[in-house]
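Colleague: Between the sequences and the hints, there should be enough to build the whole structure, so can you do that?
One line per chain: the protein sequences are A, B and C, in this order. Under the numbering used here, the first residue of the first sequence carries the number 1, and numbering increases by one thereafter. Under the numbering used here, the first residue of the second sequence carries the number 1, and numbering increases by one thereafter. Under the numbering used here, the first residue of the third sequence carries the number 1, and numbering increases by one thereafter.
No lab work stands behind these hints: they were computed from the structure. Backbone N, C-alpha and C define an ideal beta-carbon position, used for all residues, glycine too. Some clues are possibly wrong.
[Claimed, not checked] Sample of chain C residues lacking proximity to chain A, with all beta carbon distances greater than 12 angstroms (derived):
id, residue
1, A3
2, V28
3, E29
4, A38
5, Y51
6, L137
7, P139
8, K165
9, I174
10, G190
11, D196
12, R231
[Unchecked claim] On the chain A side, residues computed to face chain C include the following (Cβ under 7 angstroms):
id, residue
13, Q118
14, S133
15, F294
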Amino acid sequence: MASVDKEFITRGLRRSSTGRFLLWILPWVALLVFGLYSAGLCLVKGLNQTNMDNRFAFGLWIFLDLTVIALGAGAFFTGFLLYILKIDELRSVINSAVVIGLVCYSGAVTVLAVDVGQPLRSWFTFWYPNVHSMLTEVTFCISCYLTVLLIEYLPIVLRNRKLHDVPSFLVFEHELHKLIYVLAGVGTFLSFFHQGSLGGLYGVLRGRPFAFREGLAVWPSTFFLFILSAAAVGPSFILLTTWLVEKLSRKRLVRPTVFRRLARISGLLLAVYVLAKAVDTLVWINRTSPGTGFQAWQYYSWKPFGTWILFAEIVVFGLLPALVMLTPRLRAHTGWLVTAAAMACCGVALNRFVMTVQTLALPTLSFDPYLSYYPSWQEVGTFLAVVAYGVLVYSFSFRYFNLFPEERELRLEAAAQEEEELALAGRY
Amino acid sequence: MLPWIYGFNWNAGHIIFLGAFYMVLAALVATVASAAIRSRRALRMDQAEAIRWHSDFESMPACDQVCRHVLTGEFQSRQCPHAFDCRECETHAKLIQCHPLPRVEEPEEDVFGMAFPLDRFYHRGHTWARLEKDGTVLVGLDELGARLLGRPDALVLPKPGDRVHANGAAFHARRRDAEVRVVSPVDGEVVETGSAERGWYLRVKPTSNDAKTFRHLLRGAEIKPWIQREMERLQLALTAEGAAPALADGGVPVSDIAAAYPAADWDAVCGEMFLEG
Amino acid sequence: MSANKRYGMSIDIDKCNGCGACMMACAVENNIPPAPEAANDRRGVTWIRVYKVDNHLAYPERRTAFVPVLCQQCGHDTPCVHVCPQQAVDVDPETGIVGQMPERCLGCRYCMVACPYHARYFNWWDPKWPAGMEKTLNPDVAPRMRGVVEKCNFCHGRWHAAQQKAAAAGQREIDAADYVPACVEACPTGALRFGDLSDSSTEVAQDAQRPESFRLLEKIGTEPKIHYRSRRDWVREIASAPRPEGKDGLRG
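Modeller: Okay, here's the thing in structure tokens:
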């Protein structure tokens, strides 16, 4: 335990030695540097460094941004369940959820800044907002929610052992944490709207009958489907990451009941989502799409995106994981739980992929070709930078902040059990 | 964005959208500002120590937050709602009225070979307070606390004239890798500092000197069950923190426990025993 | 105040021989820089693009036609206008022309995704003119920078010039002959006509009423103001939704 940074690590938590930690960090730093170089190329030389074009105006970045933001929904939804609905069990994952949310949102916003042609004009959206645009709603809500996440992250940082010694930090952390309910409420409100408007982004596209949906008032059905799917997959992603961190750090971080609770919430919402998505698809096939002069079957006759993609999205990666997570017998096995959670995450990613990439690949004019697009290495690199950044922020947070408040208690419990076993072994 | 900027319209869409945006901004600013203002007030009113104690208490496992009346067997289970400050606890007030503690005849309690004189009051963070004839209160480490820290490598004592708060830090000690804040059992002003050799660390002029001053501290018949429980906790902490040989049941702890378990994460063990999160 | 106009265009596909003079004239008029070497047909900028379409039959039944596609100046639910997050796209109520303000464009390209006609172009590169060529730039039109979206605005520079001319002459109305977009002017076969659709006396308004007239993707409800026409049935089929390859029989 020769860690030079031991005094910064939460008391009673075991973390790897400084050397091992640096070794773990190193490849991610390398990836981050490579990614920053890619992003720098895009910023300095322009978006000609990407493989996007006038027809494929959105590419890998928008697809992954949508996915990452859906997965990051765990932060707002866990906060909502814990602070507003008072499901106290989730206290043990809330800090981790906040860090994951922060990583997802800040990463997505960074990629968006590279994705626009004139990043320095980003403030125009705030200054001259077109309130009818879904993108305006997204921009406002995401930047506000990122602020909320930063404020929610602050108490986690300030609880660091060294920082907590400073009286003003200690007191501020204490006072801010008392008001966390306000932040959870505001975060829920904002998330509700931007998850929705990210879906609305595509649903309103009258000119893209593949994506166009009817809906309620100004909101197309995708608005509600995106909220539902993000809320469903958020807890799954928390489950998945927590499990992954447990495996990587070889520690028990939360009680199995928390896993099961997360899975039950996720499964329930996913089931509702699958049902709503199925209804929406039927309405779209039989009403919305023919109404715009586009027969729905033709979307699926352009290979490779056949009807299998619809089946995979709704049944394989939607219904199936929902059923697994709702079956108590299967839920009892961590293996099933984790597989189902991973499948649910894949399902949402597939949905975002279909909305972004398939929408743009399909022709709208009868003399349009069917288009394909492969991201350039600069695009992939830029995204890898976000992944590396996320892993780094999470690793540092895991090392220096107390992300899983029950970790120490669980270790003491394990020790008690060990003692009992020893005592039993000694007696007989 | 603002009424005089191009593109702004006084229509419902604009008003609702921007209204919601400004309300969110106002809520965020108000939250941070009120937290800042309240923390400034708390710092001015010298509440930092109390907040630190509450924070430490909250980060303790639920099984360690147990009420003193569970130690004596009066309750099956009860979690302390007052962060071990029985001065505000109505339940405690009622209980000591109805069931006064049984008298202990011996002048000191011997638990696992450790001496706990009964002429003083004990804090659950392993300090004691003894009211002197001159009205001052001596503060020291109890036997278990002393054995945990052994001879501290470093000691930071407050200066005479400094104030200490009950449940706040009395002084800081370092042993091996363990940095420990030792809690003060009473409120008051430090008049003199002692040392390990003198058997006490602080002489404090208490803020008040009535029946309530020591109400939150353990005494008499409570000591034995409390220390028995503390020994269980110590054994658990030692096992958890990687001390190779566990304390034998009923064995007598050595006089310098820190030296006896070189492999243990002493910082974590001390954090556990001195109730520091 | 004079009544609001609704500028539109009629395109006789049967007359278009695909020479590309409209594209050339447009580029010159609107200061569109020469495409860099790395550009391809999906990354270049051309406000009007002539597509080649055919009837999907084998020789000797094979027939081809040319379809110039420019911004369709959608008159209803204009897809690009309501998606732009910062009001860089608007419809001029006086002319009905969908305007693009590159100075305010963020380059998010959401409008390009929204446009079903692919009539919007992004500046993937910095605009560069070979030495000496900058002297040919049109002083009435501002060149656009890298990272913004642009599209056909029915030669806004010419509209502005016509207005100034009318103002100088003390007239409120511009003379229709003074405002003709460059592509219309350049078309050697007269396939392109331009004018006010709200005035039933104009040629364009009458063209729009012809039975062989059609608009692209009319069913999505965007009310485009570019009216195509052809006497050939299979050409009129291009207005409808796409059909995948191998389903040619459905093309009639």
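Colleague: Going through the earlier hints one by one, which of them does the structure break, listed in rising order?
Modeller: Structure breaks hints 4, 5.
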